[in-house]
Structures are given as C-alpha cells and as structure tokens.
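The chain contents come next:
2 protein chains.
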Amino acid sequence: MIGLLRNQISSYSNRGINHNELSMKSPEFQPISAVAHPNIAFIKYWGNRDQELRLPLNSSLSMNLSGLETLTTARFDPALDHDIFILSGENVVGPALERVSRFLDHVRSLANTNVYAHVESQNNFPAGAGIASSASAFAALAMAASHAIGLNLDEKDLSRLARRGSGSASRSIPNGFVEWQAGTSDADSFAFSISPADYWDLVDLICVLDTTPKFVGSTGGHALASSSPLQPLRLAHVKDRLEQCRKAILVKDFESFAQVVEEDSHLMHAVMRTSNPPLHYWVPETEIVLWNVLTWRKEGVPACCTVDAGPNVHVLVLSDYAAAVGARLAELPGVQKILKAYPGPGASLV
Amino acid sequence: MIGLLRNQISSYSNRGINHNELSMKSPEFQPISAVAHPNIAFIKYWGNRDQELRLPLNSSLSMNLSGLETLTTARFDPALDHDIFILSGENVVGPALERVSRFLDHVRSLANTNVYAHVESQNNFPAGAGIASSASAFAALAMAASHAIGLNLDEKDLSRLARRGSGSASRSIPNGFVEWQAGTSDADSFAFSISPADYWDLVDLICVLDTTPKFVGSTGGHALASSSPLQPLRLAHVKDRLEQCRKAILVKDFESFAQVVEEDSHLMHAVMRTSNPPLHYWVPETEIVLWNVLTWRKEGVPACCTVDAGPNVHVLVLSDYAAAVGARLAELPGVQKILKAYPGPGASLV
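Here the protein sequences line up with chains A and B, keeping their order. Here the working numbering is used: the first residue of the first sequence is 1, the next is one more, and so on. Here the working numbering is used: the first residue of the second sequence is 1, the next is one more, and so on.
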C-alpha cells in the first residue's frame, strides 16, 4: 500500500526527477514529497502551556509507527492566489485548509516569501480514529514544504516547525523511539531520538474498534486539559514516568515499560473524563481489550496497552509474541481489524 | 447517633425488657430488635448464578463497618392481615415492601407459620449511595425476624437466611473481616469470619460525593453482570484475588492488600461499564479521589480505594494515617463529607 501511495504521488509531482537533481535547481518551483509516520505516545502529551506555539505542559515519549504513513507533496507557485490543499484526492476547504494555511504562513515567514502552495496529501490509514493522523500529516508537510520553499532545516528545527502544526508531529520527525522535551520556549521545545527504530523489537498491534471520526479532535481536547482537577496530579509525576519509560526502553525491561505505559494512559483518560465538558474516548470494546491484555500479561505474555484520543487500543508486544497475541486479539468482541506496526523511521524526503 | 437510634426503637418496642428476659417468654408475640452494619467488599460480589436464591458467581471478601448501622425491630402479630414495613418512620409500600414480604415468607416457611409481621427499621447513614444499605438491612432483619418468630439459627444459617434478602447481607452477619463462600448450593453458600474486627487496625474513610439514589439498584445490576463480555475474565481470576486479599489481611501486608483491592474494584466497574445497558456509577469526583490516593500511596502513605455500586469512594487506610489522609481527602473537590468506619462486629440482638 505504501508503494502504491508513492507511485500515485510521483505520477503528478516529481516524476522521474530524484531529490539530488532537485536540490541543484531552484527549489521554489519544484514539487517536493516527504513521508512521515504517525507515532504512539508511551508518555502522553495532553495540554499546552502555549496554545498558539503548541508548547506542551509536559515532555512526552513515543515510537514512530512504520507501516502507517502520510505522503505529502508541496509545490509553491507564484501563480496561486491562495493555498490549495488536496487530501486523499479531494479539495479541502474550511477549517482544515485554514490550519494548513496558517502552518504554511509560518513556513513562508521563515523563508521570507509570500508565495502560496499546492499541497497534496494521502494517508494509508483511517483518519480521526485515535491513530494521530495530524502527527504524520504535519511532520510530512513540515519536511515537504520547508524543502519546497528552499529552507534546509536540521532535524531539531524541522521538529520545532512540525510542532507548530500539531504538537505530536514534532515526534514524527526523528527516528525510532523519540522524546519531545517540553522545553522553556519555542527554541528548545523539540523532539529527538533516544534510540533508533531497530533498537528494540517492539510491535504495536493497533486494535481498530471504531473508525468513525472522533467527536472532539485532540487540538480541541488539549484546550480542555486544564479544566480537569486531575491534570495537576498527572503533571506532578510525569517526569518520573518519563524517566521510568525511557530507562525501560533503553534496558529493554518490558514489565517496567508496561506498568508505566498503562499508568500514563489511564491517567490521561482520567483527566479527559474529568474535564469540563468531559471527554469519553473509550467505548466498551476498549475496556474489553485493556482487561484481557492485562490478564494475559499476568500469565506471562509481554503485552500492554495504551489508548490515545480515540477508542482504539494500541497493544504493545514483543515481536516474538506478536502473532500469538494478534490471534487472541482478533477473537475479542468488537475488534474490527488489527493494524501491525513496527518501530518506524523519522520523516524523510521521497 | 447510634445511641439515639437505639433509644428511639426501644421507645416503641421492647422497652425495659432485656433480651435474656425475652428469650424465656413465648417469642412469637415479642418485638425483637437487632443491629447490623453495612460492609465494604474488598473482593466484590457482582452477578448471581441463581437470581432467586442469590447464589453468587464468585466468593467475596469484606469488612463490616462499625459506626454505620441499621437497627431493625420485628414483631409477628396474628392480628395482621399483611406485613407492615416502616423505614425511617415512614410506611413503605410497593416493591420495597414486597421485597421485605418475600423475605418474611421465607422466614415463615422456616418456622412453619403464616403470621404477618410489623417491621420497623432505621439507618444512621444515607441509603442508596453505594454504602450497601441492603446488606445491613437484611442482616438486621434476618436476625430480628428469625428470633421474633422463634427460630434459633446459628451464624451459618443466619448468614444463609440474610443472603436470601440481599447477597451481601450474608457478609454482615459474622464478625470483622468476612468471607462469603460462593458454595455449590443454598446449603453451603454462607459467610464466615476470617479474622475478628480488632485483628487489623484498618479504617474506611468513606468519601461521600453524591447522596442522590443510584439509578440502578445493585439487585438490578447483578442481573446485568453476565451481559458484559468482561464478566468471564473477572471471574476467571477472582479466586486468586480472593486468596491474595485474605492472605494480605492475615499477614497485614498493606501493599499487597491495596493492589488486589484496587484491581478487583476496577475490574468490577469495567464489567459494569461494559454491560448492556452500561452502568456508570463513577462521577468525575470519584476519579479525582481514586487518582489522588494512588499518588499518595506511591509517596508511602498506606491508603487505597474501592468503589461499590455508587459514586462514593471507600478509602482504606491504616489507622495511624487516618487523620492525615482524612484531612487531605477533605481538601479534594467534590468531597461533601467523610464517614469514618472501623472494622465492625457482626449482626447482634439489641
């Protein structure tokens, strides 16, 4: 499917031109394609201290998800009088276009130009169902648009740029297992890799329970985070959880990893449920998966769960057990399908 | 308050007659008063294998709550042509009277008589808010009515009798820390004390969050238990949890106790939330207490939580810490008041 997406894009964009050739020409008028993966947060990001700059209230930690990706092509064109955004072949208008345009305004300001862009993007996974399509979308757009406009940002600045589109997009820029340090300002709030994708043979079995769009996107949800009386408690110990999680990954201690990942996820959803208005992302089938996996772990199976801002459950399992756990998950009621993702690379040009 | 209740009852019933004198007279026409305490389940009862006999799907484990009590006086009277049930001074009709009458029918069948009864009952705590008033109510009624009709049941048979009125009432008959063995039939499904009330200096700080009556009583809820796809999972390991809990009490291992108590409570509420129709007993303030207490425990405070079929949180704490934890709980949003209960005795005649 990935190959298919890339072929489709190349048919209208940089057909037959490889990136090395492109970079030798004037970049403004060349379409540039980039691919980025969504990521699953082990230590969650929920709430901003600066909503406009998307400076988060806490550092977070995630893994990129190979197998799932967004492929985006950006082409700046002096002939355009506004930005154009085509998603999955359809022309997008309204708030979604405005969000892309605001992001492109920032790219233009960095490049000191006012040329509008044509952006075309496709995902190979369902949007708006807790698989964080905005993360891969803005990571891919940050990389494609910055190169298309002639900027040559390093990884840190790409991560900072992606963050402006969607906080978690900052984590889809670096490779593998990624930490986004909250930082103190726009300058030092960026993500970096703590270990490469091939460091730990973890698999994310994403149990898709319900692919209808969320009733509140996570951008809106972040604004509600501080309305929960549990949010201060979540934040009070998040540094400890992040350190436990980072260490567990680095020493490959699955049990310690499992405990802190599940605690952090439960705590975020407790904040969500107690915010005003309350956000209930879980469906009954979410709990069925959560509790079954917990039981299996007690029986010795290295598997644990985390849930993002949607009903789907990400079941993290050591790869030797992925087939067996996948078969058991498929038997649970309400599991429509299971997407399998390995630790993935960072964003890259195509 | 307890003393007040007892004085009120004695003013209309066995004024000036102590129990020893009563037992030497013909018991049929004498009013008999009994007191029983509610209990808080550490390992929960949720679901029956026989709804009529209230034979539970699993064994459970609880602690009686001194300080909270139901005081009930029963008097059989050949002049009555139906049962009369007065609760908190008000004449009760409809389903609540029918439930008491059905229970009394069973008492009458044991005594081989058909005399109707006058029953008067008072609680010193709010009913229907997750403090299991039906447990103390039917334990007190079992003891009062059985003696008033001339039966002299031993503890085991009193527990079996109380069970017919409300499953958890079987646990309010014996002293202190109590196990209700599911058993195989009516004959062996009864509760017994595993340790006396003064064995472990535990305190239950009941955080009253909302005293409006539940929208589904637990009797109705039990019938829904098997509609949850999580119920089999809850049952699969409940024996292990009960053994861990019993052992933790007997060796006074608070951390082991805390872990299994919270797990069992969370699992019951997961079953409730995923039943059809779903039962949501938690309010946002429930989660605020749950998460704060968990955080305090990580900081070394011996406290843990359990929630019954209502929003209130029972915070179990070692008595040395009760004052400090109580003060912290009182600061949490939504905590209206805190009831303090020590391990309590079994049901007794007054």
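Derived from the structure by calculation, the hints contain no laboratory data. Be careful, since some hints might not be right.
In silico DSS-like links for lysine-lysine, alpha-carbon gap of 27 Å or less [what the hints assert, rightly or not]:
{"#": "1", "chain 1": "B", "residue 1": "239", "chain 2": "A", "residue 2": "252"}
{"#": "2", "chain 1": "B", "residue 1": "298", "chain 2": "B", "residue 2": "247"}
{"#": "3", "chain 1": "B", "residue 1": "252", "chain 2": "A", "residue 2": "298"}
{"#": "4", "chain 1": "A", "residue 1": "298", "chain 2": "B", "residue 2": "239"}
{"#": "5", "chain 1": "B", "residue 1": "247", "chain 2": "A", "residue 2": "298"}
{"#": "6", "chain 1": "B", "residue 1": "298", "chain 2": "B", "residue 2": "340"}
{"#": "7", "chain 1": "A", "residue 1": "239", "chain 2": "B", "residue 2": "252"}
{"#": "8", "chain 1": "A", "residue 1": "247", "chain 2": "B", "residue 2": "252"}
{"#": "9", "chain 1": "A", "residue 1": "298", "chain 2": "B", "residue 2": "298"}
{"#": "10", "chain 1": "A", "residue 1": "337", "chain 2": "A", "residue 2": "247"}
Far from chain B, some chain A residues (derived; all Cβ distances over 12 Å) [to be verified]:
{"#": "11", "residue": "50"}
{"#": "12", "residue": "112"}
{"#": "13", "residue": "186"}
{"#": "14", "residue": "284"}
Now the in silico label distances, taken between C-beta atoms and shown as ranges [as the list claims (entries may be wrong)]:
{"#": "15", "chain 1": "B", "residue 1": "276", "chain 2": "A", "residue 2": "154", "range": "53 to 59 Å"}
{"#": "16", "chain 1": "A", "residue 1": "327", "chain 2": "B", "residue 2": "112", "range": "42 to 48 Å"}
{"#": "17", "chain 1": "A", "residue 1": "247", "chain 2": "B", "residue 2": "252", "range": "39 to 45 Å"}
{"#": "18", "chain 1": "B", "residue 1": "277", "chain 2": "A", "residue 2": "327", "range": "57 to 63 Å"}
{"#": "19", "chain 1": "A", "residue 1": "323", "chain 2": "B", "residue 2": "255", "range": "52 to 58 Å"}
{"#": "20", "chain 1": "A", "residue 1": "251", "chain 2": "B", "residue 2": "184", "range": "29 to 35 Å"}
{"#": "21", "chain 1": "A", "residue 1": "251", "chain 2": "B", "residue 2": "277", "range": "41 to 47 Å"}
{"#": "22", "chain 1": "A", "residue 1": "156", "chain 2": "B", "residue 2": "256", "range": "43 to 49 Å"}
{"#": "23", "chain 1": "B", "residue 1": "332", "chain 2": "A", "residue 2": "318", "range": "54 to 60 Å"}
{"#": "24", "chain 1": "B", "residue 1": "252", "chain 2": "A", "residue 2": "298", "range": "23 to 29 Å"}
{"#": "25", "chain 1": "A", "residue 1": "186", "chain 2": "B", "residue 2": "280", "range": "39 to 45 Å"}
{"#": "26", "chain 1": "B", "residue 1": "236", "chain 2": "A", "residue 2": "152", "range": "40 to 46 Å"}
Keep in mind that this is a model prediction, so the values were computed, not measured. The beta carbon of each residue, even a glycine, is placed where N, CA and C say it ideally should be.
TODO: For the pair supplied as a hint, residue 298 of chain B and residue 247 of chain B, confirm whether the alpha-carbon distance does not exceed 27 Å.
DONE: This hinted pair holds, its Cα atoms lying about 22 Å apart.
- [ ] Sort out whether residue 252 of chain A lies within 27 Å of residue 239 of chain B, counting only the CA atoms.
- [x] violated, 32 Å
- [ ] Assess, step by step, whether the Cα of residue 239 of chain A is no farther than 27 Å from the Cα of residue 252 of chain B, and give holds or violated.
- [x] violated, 32 Å
Open item on the list: Quick check on a hinted range of 41 to 47 Å for residue 251 of chain A and residue 277 of chain B, using CB atoms only.
Closed with: holds, 46 Å
- [ ] Examine each Cβ of chain B, and state whether all of them lie more than 12 Å from the Cβ of residue 284 of chain A.
- [x] violated, 4 Å
Open item on the list: Just to be sure I understand the hint, the distance between the Cβ atoms of residue 156 of chain A and residue 256 of chain B should be within 43 to 49 Å; is that true here?
Closed with: Distance hint for residue 156 of chain A, residue 256 of chain B holds at roughly 47 Å.
Open item on the list: Given a hint of 57 to 63 Å, does the C-beta separation of residue 277 of chain B and residue 327 of chain A actually sit inside it?
Closed with: Given a distance of about 31 Å, which is not inside 57 to 63 Å, the answer is violated.
Task: Assertion that residue 112 of chain A lies outside the chain B interface [Cβ separation over 12 Å] - done: holds, 48 Å
Task: Holds or violated: residue 298 of chain A to residue 239 of chain B, with C-alpha atoms at most 27 Å apart - done: holds, 14 Å
Task: Outcome of range test on Cβ distance (residue 323 of chain A, residue 255 of chain B; 52 to 58 Å) - done: violated, 36 Å
TODO: Decide if the proposed pair is consistent with the structure: residue 247 of chain A and residue 252 of chain B, CA atoms, cutoff 27 Å inclusive.
DONE: Cα-Cα ~33 Å, so violated.
Open item on the list: At 12 Å, judged by beta carbons, does residue 186 of chain A keep clear of chain B as stated?
Closed with: Answer for residue 186 of chain A: holds, closest chain B Cβ roughly 32 Å.
Checked against the numbered hints given earlier, the structure breaks hints 1, 7, 8, 10, 14, 16, 17, 18, 19, 20, 23 and 26 and satisfies all the rest.
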